[in-house]
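A.B. asks: Chains A and B supply the protein sequences, listed in that same order. Under our numbering, think of the first position of the first sequence as 1, with each following residue one higher. Under our numbering, think of the first position of the second sequence as 1, with each following residue one higher.
Watch out, some of these pointers could steer you wrong.
Because identical chains share one entry, a pair is satisfied inside a single copy or across any pair of copies.
Once the Cα atoms are required to be at most 27 Å apart in a straight line, the calculated BS3-like pairs of lysine-lysine come out as [said to hold, decoys possible]: (1) Lys76 x Lys187; (2) Lys266 x Lys217; (3) Lys120 x Lys40; (4) Lys253 x Lys201; (5) Lys253 x Lys123; (6) Lys200 x Lys42.
These aren't lab readings, by the way, just hints derived from the structure by calculation.
Protein chains: 2
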Amino acid sequence: MRIALDAMGSDARPVPDVEGAVMAARAYGLTVVLVGDENKLKSELAKHDTRGLDLPIVHAPSDIGMTEHVDAVKTKKDASMNIAMRLVREKQADAFVTAGNTGAAMAAAIAGPYLLGRIKGIKRPALTATIPTAVGRTLLLDIGANADVKPEYLYQFAMMGAAYAQKVMGVANPRVMLLSNGEEEGKGPLVVREAYALLKKSPLNFIGNAEGRDIPKGSADVIVTDGFTGNVAIKLSESLARTLVGFIRDEIKKRPLAVAGAALAKPAFDALRSRLDPAEYGGGILLGVDGVVIIGHGSSNAVAIKNAIRVAKEAVEGNVVELIRAGVA
Amino acid sequence: MRIALDAMGSDARPVPDVEGAVMAARAYGLTVVLVGDENKLKSELAKHDTRGLDLPIVHAPSDIGMTEHVDAVKTKKDASMNIAMRLVREKQADAFVTAGNTGAAMAAAIAGPYLLGRIKGIKRPALTATIPTAVGRTLLLDIGANADVKPEYLYQFAMMGAAYAQKVMGVANPRVMLLSNGEEEGKGPLVVREAYALLKKSPLNFIGNAEGRDIPKGSADVIVTDGFTGNVAIKLSESLARTLVGFIRDEIKKRPLAVAGAALAKPAFDALRSRLDPAEYGGGILLGVDGVVIIGHGSSNAVAIKNAIRVAKEAVEGNVVELIRAGVA
């Protein structure tokens with residue numbers, strides 16, 4: 001299997017990108033094509049032991065910054081993100097991975113010079129996040145591809161999310177919920193109420209409306225919402241977790257005995273951090289495009305890049321794209 | 001000042017309701033009119049030392065349960081919530097407080113048999129929550145009154161929220177943000193982009209779009225959104241905070257040394273709990289109705305009831321209703 005990695009993606013590009021690629025090539029025995037500035041990537045690769053690993057470099061003379069407008073995808077045709085996408089488009093790679101600008105990555109897949117395009121019949125692709133919950137993991141989608149949605153889009157998000165949960169997350173009969181502002185049928189804005197009706201008569205294992213509280217509780221395997229609400233929910237969750245850890249630190253620092261206690265409890269906090277660490281989940285898949293596209297966090301470290309590549313591998317092995325194609329047909 | 005308390009509001013009615021009323025009457029020197037089953041309230045009041053306090057009882061033969069449909073407000077005209085609202089409507093009380101069914105309380109204020117109605121010119125009332133942040137408190141609205149909104153509603157929510165932040169939260173020139181899925185102007189669904197344009201040319205101290213992460217960070221004094229997204233955000237926040245504390249407990253329990261450490265650190269955790277405790281914030285005000293209406297959490301304890309009454313008192317003293325009336329005019 002060949003994974004095309006935008007090696008100029010992360011905030012600390014290309015350091016964690018290259019290290020993560022080396023780790024993934026070794027761990028999973030696959031080829032990781034590093035796309036970016038050839039000289040930089042060569043000198044970065046030289047820092048690692050790459051004996052026996054397949055890590056070819058494909059040169060891309062430019063890259064797209066985190067704060068650049070998504071239109072950069074169209075003006076910078078030779079950006080690493082576009083070149084990596086081209087490898088997938090031309091079947092020289094099985095999947096695309098980046099830790100770069102999320103909006104630009106989505107644009108590269110949907111509307112860039114080397115776009116993969118949508119799977120036939122899919123109205124709108126959706127970006128996903130895998131969220132750690134009290135009992136496991138939940139797939140939340142859309143988290144930012146579509147600020148405005150129609151009921152049919154939400155229905156398709158549910159179908160795509162269920163396919164992914166089944167094939168990649170290994171859930172036999174994924175429980176699907178629709179995010180709303182109340183449990184009961186009939187709660188929510190018009191678009192949600194209409195989506196409820198579509199989901200209710202679908203073959204999916206639709207178990208009703210989720211409320212905000214159901215996301216951390218892990219009440220469902222897949223929770224469907226529009227890209228506006230999903231984006232607010234995911235950014236709120238990440239920020240709140242950090243704020244709470246900060247609160248705890250503040251309160252501990254005020255108390256000498258608590259400081260001693262916290263030192264003893266540190267392994268427990270480390271375990272918590274790893275449980276919440278976005279690096280463990282690698283990246284979110286952009287479902288609905290005609291190819292495997294994984295978009296990780298800009299703050300990704302090498303482990304996060306390695307895990308994003310693992311997610312790509314699992315999506316390829318799970319034939320997620322074909323499953324969605326069959327689901328629409 | 002006279003506060004009409006739906007004493008049959010909370011999950012554990014009327015125990016915390018009555019105790020909170022006693023605490024508030026003593027702390028703030030005001031009259032709390034207890035509305036509910038006269039016999040129950042009398043025997044509950046008898047458990048407390050009420051010498052020198054003014055705690056009249058107004059009988060209401062029925063009440064509305066937490067899981068009842070909001071239409072119960074119309075069929076149960078003599079429910080405690082309706083009778084308490086009538087006292088405000090008939091100027092026998094200055095404010096209404098309940099820890100009961102949120103939907104029913106809003107319906108009682110807006111469409112019940114003793115409705116207060118909207119302030120002239122206000123399109124839609126909005127329910128608020130005061131959220132503890134990394135740096136203080138933020139007022140979030142709407143958190144559930146309006147699942148579908150128009151740009152003009154969001155604009156009015158901002159105006160009402162700013163008036164409340166100024167008069168009740170004591171913020172001189174409240175910073176107002178609009179919740180969206182990106183910082184930049186032009187991000188978000190159409191309704192948000194249009195509301196942005198309205199806010200930008202308003203006299204409010206509008207500082208731009210907020211993202212989900214800005215809620216816990218406390219980037220603004222007032223964050224405005226629709227009642228769907230706000231409801232998801234508030235329920236997600238409460239649940240995530242609980243889930244994280246549960247995660248920490250799980251990880252500590254696995255480790256004997258960590259258990260010892262946690263015992264030493266306990267006062268710090270207790271302080272955290274009090275910092276996050278919804279009881280500290282009492283209840284949210286329903287802005288835009290022609291009277292002061294405070295709706296607390298069903299799980300309110302006596303301290304939460306006391307604080308909800310304090311919020312009512314502050315809203316009356318701050319002339320919030322008049323300020324909004326003047327703002328619309």
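A.B. asks: Just pull the numbers of the violated hints for me, sorted ascending.
C.D. replies: Of the numbered hints given earlier, those the structure breaks are 3, 4, 5, 6, listed in rising order.
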